[in-house]
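Sequence lines, in order, name chains A and B. Whatever position you read off the first sequence (first residue = 1), add 15 for the working numbering. Whatever position you read off the second sequence (first residue = 1), add 15 for the working numbering.
No lab work stands behind these hints, which were simulated from the structure alone. Remember, it's a predicted structure, so these values are computed and weren't measured experimentally. Just so you know, nobody snuck in bad clues.
Chain copies aren't distinguished; within one or between two, either way the pair holds.
In silico DSS-like pairs for lysine-lysine, Cα to Cα no more than 30 Å straight-line: (1) LYS155 - LYS291; (2) LYS291 - LYS183; (3) LYS365 - LYS155.
There are 2 protein chains.
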Amino acid sequence: MPQHSPRELPEGDPFGADTLPYGVFSTAGEPGRRRIGVRYGAHVLDAAAAAAAHGSAYAPLLDAPTLNPLMAAGRDVWRAVRAEIRGWLDGPHFHALDDVTLHLPFEVADYVDFYASEHHATNVGRIFRPDGDALTPNWKHLPIGYHGRAGTVVVSGTDVVRPSGQRKAPADAAPSFGPSLRLDIEAEIGFVVGTPAQAPVPLEDFREHVFGVCLLNDWSARDIQAWEYVPLGPFLGKSFATSVSAWITPLDAFDEARTAPPERTHPLLPYLDDAKAEPGGIDLRIEVRINGEVVSRPPFSAMYWTAAQQLAHMTVNGATLRTGDLYASGTVSGPEPDQLGCLLELTKGKGPWLADGDEVTLTAWAPGPDGTRIGLGEVTGRILPAR
Amino acid sequence: MPQHSPRELPEGDPFGADTLPYGVFSTAGEPGRRRIGVRYGAHVLDAAAAAAAHGSAYAPLLDAPTLNPLMAAGRDVWRAVRAEIRGWLDGPHFHALDDVTLHLPFEVADYVDFYASEHHATNVGRIFRPDGDALTPNWKHLPIGYHGRAGTVVVSGTDVVRPSGQRKAPADAAPSFGPSLRLDIEAEIGFVVGTPAQAPVPLEDFREHVFGVCLLNDWSARDIQAWEYVPLGPFLGKSFATSVSAWITPLDAFDEARTAPPERTHPLLPYLDDAKAEPGGIDLRIEVRINGEVVSRPPFSAMYWTAAQQLAHMTVNGATLRTGDLYASGTVSGPEPDQLGCLLELTKGKGPWLADGDEVTLTAWAPGPDGTRIGLGEVTGRILPAR
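Use the sequences and the hints to build the structure in full.
Below is the structure:
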């Protein structure tokens, strides 16, 4: 086993000692043995091996094929494990990132996608419903969301086959079938639930339940979506694939990056009213690259609804939470033309859309302590032709 | 262990030798040991014990805490196991149904809810969108569906706590929060996926993938739903609870009950065109009881879209199928006033709705060979007051 010890990281590396995201990896020598790794610069700490070598009480949680057991253990354990791992960074048990295979880091229970950017919802509303108000009447009163397909959440690096389906433009006499002609991305931030809940989760308990944060690309076939989504919402236009980071960055890593969300223009019901809560935003700066070229820089700090509000809303009806529940922010778009999180907005609904062979990569970082950067694992995916 | 041998069933019992649904049970003596049982009249065959006693090669699939391993084994195994179980019915290894505890019989992967009754969609469209066409333009071209919350699927007999949430009637100045005032049922048929798929499932492969059939009550808070569902579909109005039968009746048990669906009024794209396929309907006759009184008798044979079409549609975009995927028909409503599958339709949107303490029970049977009846396990649930 390679025994790199990457004590020195390049200045500004977003995967330093204050980030320490968790993933699941295997090596070419033991392809069937998945265990938990921690990213440090361009290396991966074999957390299972380090835990065993240090006699850590948490070794069973770290020598596991998914993050779910660690996620289920609760925040006190998350903090204790993170503190122990900090002490293992100057030891052995590292692999070069290029030498390992990364896997979907957790078993997804339910997947919910929100719609929390006022800029995105306004832009999309104008395109999809040109004759109505851009924002629906409920938008400022509750974080709109819907359930997506958990079984098609895939890890960064997985190719995405262009979906086929029905479409019908308003001028068409009848629907037609074929590969999507309007394949799009949605740049989002995902939140991964660790601690389950049997009762509504109030705003102030957000940190007790959310284990970590990732990037998420909610691939979207706009032609399929436009024809199918009334009245029960998006279905096949989204369910073919949703890509997430191979690395889940602990929520606690973003303490320095908390920001106040935009001013609320409508009074909120008490379960959503965060005026007196800790700042619910996170100053994450996202970059969207297509074939290497930056096409947008969406600012997560511009989101109207926070992840804590989304969790409170999602559970206020009594819906239980499970370890592995994943919820996403909705497309992140800011007010500026170069801050839009999908091609639908970037091209004002006119395209061009994704072509076969295109590779889309999302990256993001937030300010950390002492000028450091806290990174999210990238999400990348390449479009394969329809089957 | 009780050793009943229920050789003689009452005439017309829908759980005879041609039904043999699978469930998961435990006994008071061994509450932690869940294993697979097969319902036979008012008794449960301990399939794990019978398989062991007979030296069946399928014993490991039957001595399991969920149906998932058996479901994943594929149709050849399903048929072989069913044939073996027929030979065990005159032996011992039975418990009285009243002596066992029934559990959620399978681990739910993704849950999708369709909207396949033309009568229901028309009635609801008139109530929810009085100024528009009752059916949306896509309704006759594709089986509309959406993802629901897999984590809140519960087994028959589980109490349902009245959900709380936001509502706003058009005349209200602002939304308010509180326990739902319009709690409703939806009588549906659920289909449980056994064999996974990595590619679209054509109509003719339906039986290779669907393991069995159950009743499903898609509890619905109409006031929460009406305020939240535009533009991304139902969310908290449905996600608090979905009840399913404790018994999954094998799809093969309904061979005699296959019926042609209603005449198609619009041409269908090839992947949905079932004109030349085997009859896609099932002549299931549902009864809805509230506090013991029959309030409706919805006929499943009246559904416009079949379960085979729904499966073909759900996967045509490349979305993969997993063992444990559950999809439901949508509310079953027939053309007559006493055939409507929810209170929204039965009361024309005016109520009365479910009161605390109300108990709702769905039962269903289909014609079997030689005048027998093939039953679905009942779905029952009682409303508890909001917390």
